[in-house]
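Visitor: Following the hints, put chain B in place on chain A, whose structure we already have.
There are 2 protein chains.
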Amino acid sequence: MPVVDVHTHVYPPAYHSLLTSRSQVPYIFTDPSTSQSRLVILPAEDTASTSRGRPIGPEYYDIARKIAFMDAHDIDISVISLANPWLDWLPPSEAAATARTINDDVDSTCALYPGRLFAFGTLPLSAPVQEIVAEIERLKGMKYMRGVIIGTSGLGVGLDDPALDPVWEALQRTEQVVFLHPHYGLPTSLYGPRASEYGHVLPLALGFPLETTIAVTRMLLSGVWDRWTGLKVLIAHSGGTLPFLAGRIESCIEHDGHLKEEGKVEGRRKVWDVLKKNIYLDAVIYADVGLKAAIEASGSDRLLFGTDHPFFPPLDEKDNGEWLSVKLNSEAVKSALGDDEAQQKAIMGGNAVDILRLTV
Amino acid sequence: MPVVDVHTHVYPPAYHSLLTSRSQVPYIFTDPSTSQSRLVILPAEDTASTSRGRPIGPEYYDIARKIAFMDAHDIDISVISLANPWLDWLPPSEAAATARTINDDVDSTCALYPGRLFAFGTLPLSAPVQEIVAEIERLKGMKYMRGVIIGTSGLGVGLDDPALDPVWEALQRTEQVVFLHPHYGLPTSLYGPRASEYGHVLPLALGFPLETTIAVTRMLLSGVWDRWTGLKVLIAHSGGTLPFLAGRIESCIEHDGHLKEEGKVEGRRKVWDVLKKNIYLDAVIYADVGLKAAIEASGSDRLLFGTDHPFFPPLDEKDNGEWLSVKLNSEAVKSALGDDEAQQKAIMGGNAVDILRLTV
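So the protein sequences, as listed, match chains A and B.
Going by our numbering, the first sequence opens with residue 1, and the numbers climb by one from there.
Going by our numbering, the second sequence opens with residue 1, and the numbers climb by one from there.
It is worth saying that the hints were derived from the structure and are not from the lab.
Remember, predicted model here, so these are calculated numbers, not experimental data.
Warning: the hint list may mix true and false statements.
When chains are identical, the list treats them as one kind, so a pair holds in a single copy or across two.
SDA-like mimics (lysine to any residue), calculated; alpha carbons at most 20 Å apart, straight line [what the hints assert, rightly or not]:
hint	residue 1	residue 2
1	Lys334	Glu296
2	Lys260	Glu331
3	Lys260	Ser196
4	Lys260	Phe311
Chain A extracted, bound-state conformation:
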């Protein structure tokens, strides 16, 4: 049974060039004092502190480095996806062509290592909706594409936007998996005046998972899964916090006077049903406590191992040593499933092979 990494990002050369050409978030800049290139994705990272952005080197854009990382960690297959900020900030008239160029690049990259690389494509979300749908249909015909990665902002106002219906329809019809990933984080004001003393911990550890959970809950409340019962969504970071908060979400809906008056409490699909039929969760959660909750919420046949490479590199060790971030996630799978080797292997790769049809 192969080991498959479903959460692993790339900055293909065309995308790297695009970000380097810019001078505001999102962008790549070179620190004049160190000559080091740094990537700034989040507004919260674009400060004058020593931790401004993060270093960006070849591991971000040289696919040979990805393969070396995979070899060092016994990962057989990676389903690569563009890293955020993706493309939804592009001028509408340029978005579709840029998405096509980048998606072609990514598909060609996969072809360099047949059977070892598959990919989630990127949508031109700032383009007219028919161009988004056209790219979804084009991706369906590409050899190594298995779905699309999207952030939480949709066409600009979130994933509960009814204007996204043609997008959901096309994704369901073409049977492509949506990899839902946090995007811009939450406002830095949430973290208080001392946040910068804590490096990136608060926005990354808490902001990202909550951003994801809000996005999914808005999809639920707006009836996305009532309208598109076949839509498949893989949620990053084991669902953000969805498995843990699902009970509270359901209870808040059942106790909401406004929803009750509007007739929106009865007849809807519950979050538990969606978790077991439409949602997949990656296993990027770094501890067995959370992973067990994710498994309980969605089932061990819906959890998929991932690494979040090239983010969270070890601070001390060499690039090709074992990464702590990877070890924490693979050990969580072992620990959560005790002696059930079959379920461990399913989460480490078998589920991904089945769900994403990872054969060439």
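Guide: Only chain B this time, still in chain A's reference frame:
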């Protein structure tokens, strides 16, 4: 073994009068069209929609109604606490006297039903810090007080504020439990343009738990538990999302270049250690999936049943029927612990009796 509710709120008459006298958040107003009084705690609730605030009736301030609720649900003991917004918005010069009046009221209320009611006191957080410490010491001597309830804003800038050190010191020294509860919620902008269509679901189901998680994580990152190793904190709503995200928080700390450079990664207490030695979690989570994660994170001897009464009343049934919100929480305890009746009873009340010394 008694059943104990550690999460149950009151608006004692003096506090009710105070809120009624105001005309901006936090306040109680009477809707002229229905003559119904409504309580507005969160800015997000203070809109022109039909769901502005929430109805407030005698169940909020008449202690006999609390006792009736307890009787209807076989709850032997309640540890009552002032409901938010608490007192941190008071002018500094009035805060200490108001807190004394309200804490005296609450203690006297407990005396009306000896052995059935205990309480968490309220601190005058806008007062000079020596007045806060004086109230902590005074509460220690009150017959039914067992700790204090606090929100997430501390003295105004959060619970990672070093100016809170005398408060933590006094709470540790007097061995009082801090009941940490979300307060103002998160900014409504987080929930997108359609949030009001979803009633209060997003701020209550997601905003409150994340507010709590941010507050606890800021305490952790600022070293509160390294300095006050004996500080005991009961976290509302099973820790917000802390049990689920603990692994990610630890991993983000271990991978943070800024914290590493500052020497803040080594030598600190890890979140797992704090969860098992300093933190208690209520069992207000409405599903066994989350409850099991809470138990795994902190241990079944640190989980304490609660209801969140008088919030989340049933929308259809009579006041004295069985509340769905209570049933969801008590069933989660049964389901999470399978056949282990001793552990079920511990969570339903035994732990609270031990930890909060609930004897008269």
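Visitor: Does the structure break any of the earlier hints, and which numbers would those be?
Guide: 2
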